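Colleague: For the sequence shown, the positions run -23 to -1, 1 to 287 when mature numbering (1 follows the signal peptide of the UniProt record, and there is no 0) is used.
Rather than coming from a laboratory, the hints here were simulated on the basis of the structure. The structure presented is a predicted model; accordingly, all values stated were derived computationally and were not measured. Be careful, since some hints might not be right.
Subject to a maximum C-alpha distance of 27 Å in a straight line, what follows is the list of computed DSSO-like cross-link-like pairs (lysine-lysine) [said to hold, decoys possible]:
hint	residue 1	residue 2
1	Lys213	Lys154
2	Lys240	Lys176
3	Lys203	Lys213
4	Lys203	Lys154
5	Lys249	Lys23
6	Lys240	Lys154
7	Lys35	Lys176
8	Lys35	Lys240
9	Lys203	Lys35
10	Lys200	Lys240
11	Lys35	Lys23
12	Lys213	Lys200
13	Lys23	Lys154
14	Lys176	Lys213
15	Lys200	Lys23
16	Lys200	Lys249
17	Lys154	Lys(-18)
18	Lys213	Lys249
19	Lys200	Lys(-18)
Label pairs and their computed distance ranges (CB to CB) [to be verified]:
hint	residue 1	residue 2	range
20	Ala42	Pro233	39 to 49 Å
21	Ile30	Gln151	14 to 24 Å
22	Thr129	Thr58	15 to 25 Å
23	Phe90	Phe268	16 to 26 Å
24	Trp241	Leu147	35 to 45 Å
25	Lys176	Gln60	24 to 34 Å
Backbone N, C-alpha and C define an ideal beta-carbon position, used for all residues, glycine too.
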Amino acid sequence: MNPFAKLTFSLSLMLGTTITISSNHWMTAWTGLEINTLAIIPLISKSHHPRAIEAAIKYFLTQAAASTLLLFSSMINAWHTGQWDITQLNHPMSSLLLTTAIAMKLGLVPFHFWFPEVLQGSPLTTAMLLSTVMKFPPITILLLTSHSLNPTLLTTMAIASAALGGWMGLNQTQIRKVLAFSSISHLGWMCIILIYAPKLTLMTFYIYCTMTGAIFLTLNTTKSLKLSTMMTSWTKAPTLNTTLMMTLLSLAGLPPLTGFLPKWLIIQELSKQEMTAPATIIAILSLLSLFFYLRLAYYSTITLPPNPTN
């Protein structure tokens, strides 16, 4: 891709994200989301591979449908309340449509089907953007409207995301798909606590972005796309692979690593809110994710290529 075009799209991504996270008006937030969508599509399809083109089309259709629902939700709310302020979301139908739209944009269950396929068809650097930066504006909108959302619906979607993210990641051999299901699982943790402690959701998201970004950058350096290629990368870059193992274990939430802290605080906060059952369920479901993180960490460091015998 032309460096000037790449710079333009990257600046557009920054602009769209900044517009959405700093706006209180529905139309401005929607405009920022649209700028983001239009800027990331060329970055997804830049390789011109049929799989990349397919991923770009899937991403566009999903985001277009989600944006339509978001606009419809804001119009219904404005019709009933006479306000375009994001924080004044008072109509139940608007709240439901908004939750659906943001779930589609983030890839929450049951609107998750597009996300693993799009991530698999994208280059590693674009996949990193899709997993981190592109999730920031929708999560910001959720945070601004958290007081108006349905707790039962969000908790159900969160537990379903944690379950499916862990379950579907177990039998994957493509690293990008594993990280896609990892993202879905982590979104479950963020959404379950959103209404009760929005700042905790934000902290979890920041830690998740840092760790996922580090993993994608390491994989991009070692050129690892499958589990089989991870096995042979230790001899080429042992330091990077050690870092990768530690980051994966942190993402799994093993103490005393960083990723353990948000999960511990979320379970603690859920217990304070007398939501012991959801806290127990999501903690048990995290064991599914732990298995494939351990498998990735094992492949990245312990398994060495066989030595040729003469």
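Colleague: Each hint should be assessed against the structure and marked as holding or not.
Modeller: Status of the hints after comparison with the structure:
1. Lys213 <-> Lys154: holds (24 Å)
2. Lys240 <-> Lys176: Holds - the C-alpha atoms of Lys176 and Lys240 are around 13 Å apart, at most 27 Å.
3. Lys203 <-> Lys213: holds (16 Å)
4. Lys203 <-> Lys154: holds (10 Å)
5. Lys249 <-> Lys23: violated (48 Å)
6. Lys240 <-> Lys154: holds (23 Å)
7. Lys35 <-> Lys176: Outside the cut-off at roughly 32 Å; violated.
8. Lys35 <-> Lys240: Roughly 32 Å separates the two Cα atoms, so the pair is violated.
9. Lys203 <-> Lys35: holds (23 Å)
10. Lys200 <-> Lys240: violated (31 Å)
11. Lys35 <-> Lys23: Roughly 15 Å separates the two Cα atoms, so the pair holds.
12. Lys213 <-> Lys200: holds (11 Å)
13. Lys23 <-> Lys154: Answer holds: Lys23 to Lys154 is near 19 Å, not above 27 Å.
14. Lys176 <-> Lys213: violated (40 Å)
15. Lys200 <-> Lys23: holds (18 Å)
16. Lys200 <-> Lys249: violated (45 Å)
17. Lys154 <-> Lys(-18): Given that 27 Å is the threshold and the Cα spacing comes to 25 Å, the pair holds.
18. Lys213 <-> Lys249: Status violated; Cα separation ~48 Å.
19. Lys200 <-> Lys(-18): The hint holds at about 21 Å.
20. Ala42 <-> Pro233: 39 to 49 Å: This hint holds: roughly 43 Å between Cβ atoms.
21. Ile30 <-> Gln151: 14 to 24 Å: With Cβ atoms ~18 Å apart, the hint holds.
22. Thr129 <-> Thr58: 15 to 25 Å: Holds, since Thr129 and Thr58 (Cβ atoms, about 23 Å apart) stay within the stated range.
23. Phe90 <-> Phe268: 16 to 26 Å: At roughly 23 Å between Cβ atoms, Phe268 and Phe90 fall inside 16 to 26 Å, so the hint holds.
24. Trp241 <-> Leu147: 35 to 45 Å: Cβ of Trp241 to Cβ of Leu147: about 24 Å, so the range 35 to 45 Å is violated.
25. Lys176 <-> Gln60: 24 to 34 Å: holds (25 Å)
This entry does not satisfy hints 5, 7, 8, 10, 14, 16, 18 and 24, going by the numbered hints stated previously.
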